[in-house]
Amino acid sequence: MSSRIFGSGIRRREDPRLITGSATYTHDIVLPGMVHAAMLRSSHAHARITRIDTEKARVAPGVVAVYTGADIEGALQPVPCAWLLPDSQLRIAPYPCIAKDVVRYTGDIVAAVVAETPYQAQDALDLIEVHYDPLPTVTDPEKAAGDDAPQLHAKDINGDDIPGNQAFHWTVAGGGDLDAAFAEAEANGVVIKERILQQRLIPNAMEPRGAVAQYTRATGELTLWNTTQNPHIVRFLCSVVTGVPEDKLRVIAPEVGGGFGSKIAVYPADFVTVFCSKTLGRPVKWIETRSENYQATTHGRDHVQDIELAATKDGKITGLRCTVHAGMGAYLSTAAPGIPTILHGLMLSGCYTIPALKEDVYGVYTNGVPVEAYRGAGRPEATFMLERLIDMLANELDLDPADVRRRNFIPKFDDGHEVVTTLNYDSGDYPGALDKLIEHTGYQALREKQKAGPSNGKYLGLGLSSYVEICGLGPSQVAGAIGFQGGLWESAIVRFHPTGKVHVFIGASPHGQGEETTFAQIVASEIGVDAGDVKIFHGDTDSTPMGWGTYGSRTTAVGGAALALAVRKIRDKAKVLAAHLLEASVEDMDYEDGKFFVKGSPDKAKTIQDIALMANVAWNLPEGMEAGLEATTFYDPPNFVFPYGAHLAVVEVDASTGQVELTGYTALDDCGPQINPVIVEGQVHGGIVQGVGQALWEGAAYDESGQLITGSMLDYALPRADLLPELDVISTVTRSPHHPLGVKGIGEAGTIASTSAVYNAVMDALKPLGVKRVDMPFTPERVWRAIQEAKGS
Amino acid sequence: MFAADFEYYRAGSVAEAGQLLAAHPGAKLLAGGHSLIPLLKLRLAAPAAVIDIGRIAELRGISTDGDGLRIGALTTHAEIAASDTVKEHAAALAEAASQIGDPAVRNRGTIGGNLAHADPASDLPTVLAALGATMTVKGSGGERTIDAADFFTGMMATSLGDNDLLTAIRVPSAAGRGNAYVKFSHPASRYAVIGVAASIGIGTTGGGWMAKIKGEPKETVCTDVAVAIGGLVPKPLRCSAVEAALKDQAPSEPAFAAAAAAVSGDLGDDLLGDVFASGDYRKAVASVYVQRAIEAAAGRVG
Ligand SMILES: Cc1cc2nc3c(=O)[nH]c(=O)nc-3n(C[C@H](O)[C@H](O)[C@H](O)COP(=O)(O)OP(=O)(O)OC[C@H]3O[C@@H](n4cnc5c(N)ncnc54)[C@H](O)[C@@H]3O)c2cc1C
Numbered sequence: 001m002s003s004r005i006f007g008s009g010i011r012r013r014e015d016p017r018l019i020t021g022s023a024t025y026t027h028d029i030v031l032p033g034m035v036h037a038a039m040l041r042s043s044h045a046h047a048r049i050t051r052i053d054t055e056k057a058r059v060a061p062g063v064v065a066v067y068t069g070a071d072i073e074g075a076l077q078p079v080p081c082a083w084l085l086p087d088s089q090l091r092i093a094p095y096p097c098i099a100k101d102v103v104r105y106t107g108d109i110v111a112a113v114v115a116e117t118p119y120q121a122q123d124a125l126d127l128i129e130v131h132y133d134p135l136p137t138v139t140d141p142e143k144a145a146g147d148d149a150p151q152l153h154a155k156d157i158n159g160d161d162i163p164g165n166q167a168f169h170w171t172v173a174g175g176g177d178l179d180a181a182f183a184e185a186e187a188n189g190v191v192i193k194e195r196i197l198q199q200r201l202i203p204n205a206m207e208p209r210g211a212v213a214q215y216t217r218a219t220g221e222l223t224l225w226n227t228t229q230n231p232h233i234v235r236f237l238c239s240v241v242t243g244v245p246e247d248k249l250r251v252i253a254p255e256v257g258g259g260f261g262s263k264i265a266v267y268p269a270d271f272v273t274v275f276c277s278k279t280l281g282r283p284v285k286w287i288e289t290r291s292e293n294y295q296a297t298t299h300g301r302d303h304v305q306d307i308e309l310a311a312t313k314d315g316k317i318t319g320l321r322c323t324v325h326a327g328m329g330a331y332l333s334t335a336a337p338g339i340p341t342i343l344h345g346l347m348l349s350g351c352y353t354i355p356a357l358k359e360d361v362y363g364v365y366t367n368g369v370p371v372e373a374y375r376g377a378g379r380p381e382a383t384f385m386l387e388r389l390i391d392m393l394a395n396e397l398d399l400d401p402a403d404v405r406r407r408n409f410i411p412k413f414d415d416g417h418e419v420v421t422t423l424n425y426d427s428g429d430y431p432g433a434l435d436k437l438i439e440h441t442g443y444q445a446l447r448e449k450q451k452a453g454p455s456n457g458k459y460l461g462l463g464l465s466s467y468v469e470i471c472g473l474g475p476s477q478v479a480g481a482i483g484f485q486g487g488l489w490e491s492a493i494v495r496f497h498p499t500g501k502v503h504v505f506i507g508a509s510p511h512g513q514g515e516e517t518t519f520a521q522i523v524a525s526e527i528g529v530d531a532g533d534v535k536i537f538h539g540d541t542d543s544t545p546m547g548w549g550t551y552g553s554r555t556t557a558v559g560g561a562a563l564a565l566a567v568r569k570i571r572d573k574a575k576v577l578a579a580h581l582l583e584a585s586v587e588d589m590d591y592e593d594g595k596f597f598v599k600g601s602p603d604k605a606k607t608i609q610d611i612a613l614m615a616n617v618a619w620n621l622p623e624g625m626e627a628g629l630e631a632t633t634f635y636d637p638p639n640f641v642f643p644y645g646a647h648l649a650v651v652e653v654d655a656s657t658g659q660v661e662l663t664g665y666t667a668l669d670d671c672g673p674q675i676n677p678v679i680v681e682g683q684v685h686g687g688i689v690q691g692v693g694q695a696l697w698e699g700a701a702y703d704e705s706g707q708l709i710t711g712s713m714l715d716y717a718l719p720r721a722d723l724l725p726e727l728d729v730i731s732t733v734t735r736s737p738h739h740p741l742g743v744k745g746i747g748e749a750g751t752i753a754s755t756s757a758v759y760n761a762v763m764d765a766l767k768p769l770g771v772k773r774v775d776m777p778f779t780p781e782r783v784w785r786a787i788q789e790a791k792g793s
Numbered sequence: 001m002f003a004a005d006f007e008y009y010r011a012g013s014v015a016e017a018g019q020l021l022a023a024h025p026g027a028k029l030l031a032g033g034h035s036l037i038p039l040l041k042l043r044l045a046a047p048a049a050v051i052d053i054g055r056i057a058e059l060r061g062i063s064t065d066g067d068g069l070r071i072g073a074l075t076t077h078a079e080i081a082a083s084d085t086v087k088e089h090a091a092a093l094a095e096a097a098s099q100i101g102d103p104a105v106r107n108r109g110t111i112g113g114n115l116a117h118a119d120p121a122s123d124l125p126t127v128l129a130a131l132g133a134t135m136t137v138k139g140s141g142g143e144r145t146i147d148a149a150d151f152f153t154g155m156m157a158t159s160l161g162d163n164d165l166l167t168a169i170r171v172p173s174a175a176g177r178g179n180a181y182v183k184f185s186h187p188a189s190r191y192a193v194i195g196v197a198a199s200i201g202i203g204t205t206g207g208g209w210m211a212k213i214k215g216e217p218k219e220t221v222c223t224d225v226a227v228a229i230g231g232l233v234p235k236p237l238r239c240s241a242v243e244a245a246l247k248d249q250a251p252s253e254p255a256f257a258a259a260a261a262a263v264s265g266d267l268g269d270d271l272l273g274d275v276f277a278s279g280d281y282r283k284a285v286a287s288v289y290v291q292r293a294i295e296a297a298a299g300r301v302g
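Protein sequences, first through last, are from chains A and B.
Residues 1 to 793, numbered by the working numbering, are exactly what the first sequence covers, in order.
Residues 1 to 302, numbered by the working numbering, are exactly what the second sequence covers, in order.
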């Protein structure tokens with residue numbers, strides 16, 4: 001049994017309810033007496049509020065209450081930032097739940113209406129008159145750091161100034177003498193310089209955000225249904241903001257329709273919903289519209305990156321120096337400071353031996369939506385820097401990009417390799433991955449085809465991306481050292497019922513990734529029950545043990561490990577009980593596929609179901625053994641896990657129009673042993689497509705006054721199936737040496753690799769036309785203009 | 001995305017729709033809803049009443065008579081895209097309908113709604129302008145027909161009056177001609193950034209008595225050239241410079257390229273653009289799409 005269920009692509013048990021519409025999302029929660037909240041968002045990106053007139057709204061049909069910033073004072077604390085980046089001059093600006101004096105982006109809430117129906121709430125919003133005194137705006141992070149930029153915040157939460165809109169300045173430096181490396185490269189080698197814009201992206205989870213709050217005055221208890229990736233963190237922070245003690249606060253993440261990072265943060269609107277319920281004593285529902293999601297739910301990326309790479313004439317990297325201006329938006333979202341720093345800067349060595357590097361990251365306040373983790377979170381931006389600069393180095397030296405990668409790869413290792421950024425990678429074979437990809441895709445033949453020149457005005461381009469990423473976050477001691485205001489362990493409770501059926505209560509809270517299936521597979525393979533006999537409970541803080549959330553590809557890597565260890569505890573206990581029942585000594589016992597038997601007598605076995613019954617009835621337990629068959633574990637990982645791989649993108653560019661077509665894509669990923677290869681493939685597909693989206697289509701754009709121009713799906717281009725080729729997904733298997741199951745994460749790998757693969761491919765296609773750089777996304781106009789400019793020069 | 005309050009009526013027949021329109025000034029007709037509902041939800045439109053014509057069977061269907069195609073106003077994009085009759089008589093129309101939005105939009109959206117809405121980025125107005133279609137309209141004063149050239153009066157504006165119902169579209173028979181539609185889609189909305197429809201006949205010139213005396217061979221040339229462009233202009237534009245440049249020319253790559261290049265003369269300088277594709281850029285690449293459309297149309301003759 002064990003060998004079959006671990007690694008088999010059984011169907012996701014989540015899917016029947018999801019695809020038949022019978023799943024229960026936050027929006028599906030309907031409670032007696034429930035009323036509906038709607039948030040009035042600022043119509044300016046930066047302005048002083050001079051007056052708010054709510055009278056007409058208050059008397060509108062169905063309206064129960066209207067609240068403004070003045071009403072919540074004292075009742076709601078500012079929204080906390082929970083990643084206090086050390087040694088970075090971190091300046092946290094006050095992040096009010098409802099703006100009172102100044103609005104700083106068009107998602108700032110200025111008033112909330114509660115009405116009997118959502119329509120009435122919306123009608124009343126239109127009746128609120130807000131008088132604004134507009135202020136100058138800035139949405140570009142580099143400009144926001146400039147001398148004459150408008151200043152967003154007067155003081156931080158400690159009363160200190162925030163000069164230059166600078167939220168933090170973080171540095172990572174390691175290895176040898178970087179200046180010497182650059183001096184040597186200037187003199188005898190090559191220095192490659194590039195500016196890369198990682199545009200703002202809108203996460204676009206299929207389900208928008210929302211909350212239903214039910215406060216019971218008689219008991220002082222609050223239940224909050226919330227679209228979140230981490231209900232326990234919401235409980236923790238909601239308690240801080242609303243004052244409801246943690247023991248009286250129950251957070252339920254019902255079915256959650258994707259997050260991609262945008263449902264990590266805690267949000268003003270959710271706390272305002274709680275406030276409304278507390279104040280009115282009635283259940284209150286707030287669900288954002290898609291336009292509101294674009295305007296107020298966290299965005300991703302937004303880096304201005306300046307990079308310099310030093311190398312020898314034969315293509316060996318000797319140093320890397322970068323400065324990043326990371327747009328943070330108007331306020332620091334919950335985990336925001338850690339994304340462009342810890343999850344980015346620490347990965348700057350990538351798959352390569354880089355003898356010396358330094359990066360300065362400036363987190364900058366801008367008049368935009370707060371920026372948070374977005375699938376890959378910091379790592380795509382790091383991979384991109386390296387993979388782009390390596391391609392540029394190859395061009396400069398007239399070498400094949402694959403060769404330059406090979407000259408710099410860290411050699412294969414299987415039990416630890418330390419890089420200059422202090423990280424200790426667990427295991428990897430980067431040269432092996434690239435070699436296999438190149439062989440599998442017929443890369444050389446494609447290069448030959450390319451040499452034949454354009455066909456029908458279409459230029460062929462090939463783009464490689466070798467990546468390693470950090471996930472399975474992470475050791476709690478490291479979390480503490482890097483200022484993360486929480487632990488990063490996971491816990492699981494496994495309970496066997498008398499009939500041998502199993503309940504698992506787990507802290508991790510998947511929201512579309514399929515872990516109800518893979519967790520059941522873990523239990524099945526560890527103790528020989530049928531996967532169908534295992535039910536997984538998650539997402540309710542009253543019934544599950546503490547968990548630190550689903551992000552950073554950590555749910556299977558950390559939560560899955562906790563689960564496996566809990567099941568192993570049960571196995572140990574079961575073995576003792578089996579020995580007792582078979583009147584043998586524990587040392588003489590064997591276990592296989594759910595059966596415990598005396599060595600050499602497998603025919604006289606006790607099944608795990610037998611043991612579950614005997615443990616639960618407790619008629620005949622060994623001396624000192626407790627009744628029941630249940631175990632709890634807290635698993636704090638000893639290290640992160642480091643999945644890796646190599647991707648190849650193939651594109652065709654029509655030089656007459658600038659249209660880019662992705663014609664082929666192959667991904668080789670190594671996430672260790674795959675619990676369910678079909679789910680792995682699904683994660684890889686989704687990840688690749690989101691990364692391709694950044695390269696080719698997506699980008700949030702603000703105008704000079706800070707209004708979001710790409711305010712709906714009519715303007716913000718998401719990837720669509722018919723614009724993508726068949727994705728070719730292959731893999732290798734390298735165990736993580738420190739993980740109980742050897743597994744690594746796979747949720748973000750596709751995104752981490754694919755943006756740079758596609759970018760490199762397009763630039764490769766444009767090489768014969770003399771084009772040197774184009775900003776993402778590659779809209780036809782940008783590509784066409786770059787071609788025209790290159791022609792002109 | 002919450003529409004303001006409105007009253008909802010469902011019309012069972014064309015006559016009833018007319019009565020309801022007369023009884024509710026300012027009311028909006030609802031066909032497939034794929035342009036109107038978004039406007040209502042964004043509160044860009046807030047009519048007091050909405051009259052649903054979506055179930056009027058007499059407004060649906062595709063047929064032919066001696067003069068060409070007749071398409072009921074409520075016929076969906078999907079029905080048009082899948083219709084062999086349309087493919088045979090007006091391939092460009094089926095081709096355009098098949099590229100509208102996505103399957104959901106094509107299954108709900110109707111040709112009548114598309115034309116009445118007259119979005120400059122729509123596909124069907126461009127095709128119908130090139131094919132010389134006429135619209136059948138029922139108003140308070142009875143039925144009348146309007147040429148495509150007169151139907152579209154500006155950006156999202158038509159010659160339909162308040163109480164008018166578009167009932168059918170007639171497309172003249174394209175016998176002996178080939179036609180095609182080529183589109184540059186916006187990757188987000190799927191609407192046309194540039195859309196070009198072409199209809200071309202191929203015949204012979206020369207062969208008059210003088211030529212016969214001189215013994216000159218007959219020459220194969222493009223006849224009946226009609227080209228319309230949309231997406232970058234407020235309403236579908238017939239490209240007379242392109243048409244003139246191609247007419248009586250032998251069909252060849254250089255002739256197509258030269259004719260297509262003439263589109264810049266047709267377009268002028270005041271073109272629609274957005275963050276995704278500026279007017280200048282659209283103008284610069286328009287000839288590529290024009291050339292593709294006329295080549296495809298010429299390739300379908302016969
Ligand atoms: C996501 C999306 C993508 C789209 N992409 C494209 C695209 O690529 N190309 C394209 O061309 N279109 C596109 N559309 C628009 C689509 O074709 C619509 O279906 C069409 O424009 C309107 O048709 P409807 O039947 O839905 O009309 P409705 O929305 O019901 O009505 C639209 C307007 O026409 C009026 N009207 C409707 N029927 C009549 C009638 N018989 N007589 C008089 N007035 C009438 C209505 O009162 C209303 O003002 C897209 C729409 C969406 C939502």
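Think of the hints as simulated: they come from the structure by calculation, not from any bench.
Be aware that a few hints might be false.
Quick list of the computed label-pair ranges, beta carbon to beta carbon [unchecked claim]:
{"id": "1", "chain 1": "B", "residue 1": "F6", "chain 2": "A", "residue 2": "R290", "range": "15 to 25 Å"}
{"id": "2", "chain 1": "A", "residue 1": "D728", "chain 2": "B", "residue 2": "P217", "range": "27 to 37 Å"}
{"id": "3", "chain 1": "A", "residue 1": "D728", "chain 2": "B", "residue 2": "G139", "range": "57 to 67 Å"}
Just so it is clear, CB atoms sit at the ideal spot from N, CA and C, and this is done for glycine as well.
How the hints compare with the structure:
| no. | hint | in the structure |
| --- | --- | --- |
| 1 | B:F6 with A:R290: 15 to 25 Å | holds, 21 Å |
| 2 | A:D728 with B:P217: 27 to 37 Å | violated, 55 Å |
| 3 | A:D728 with B:G139: 57 to 67 Å | holds, 58 Å |
Going down the numbered hints, you'll see the structure goes against just number 2.
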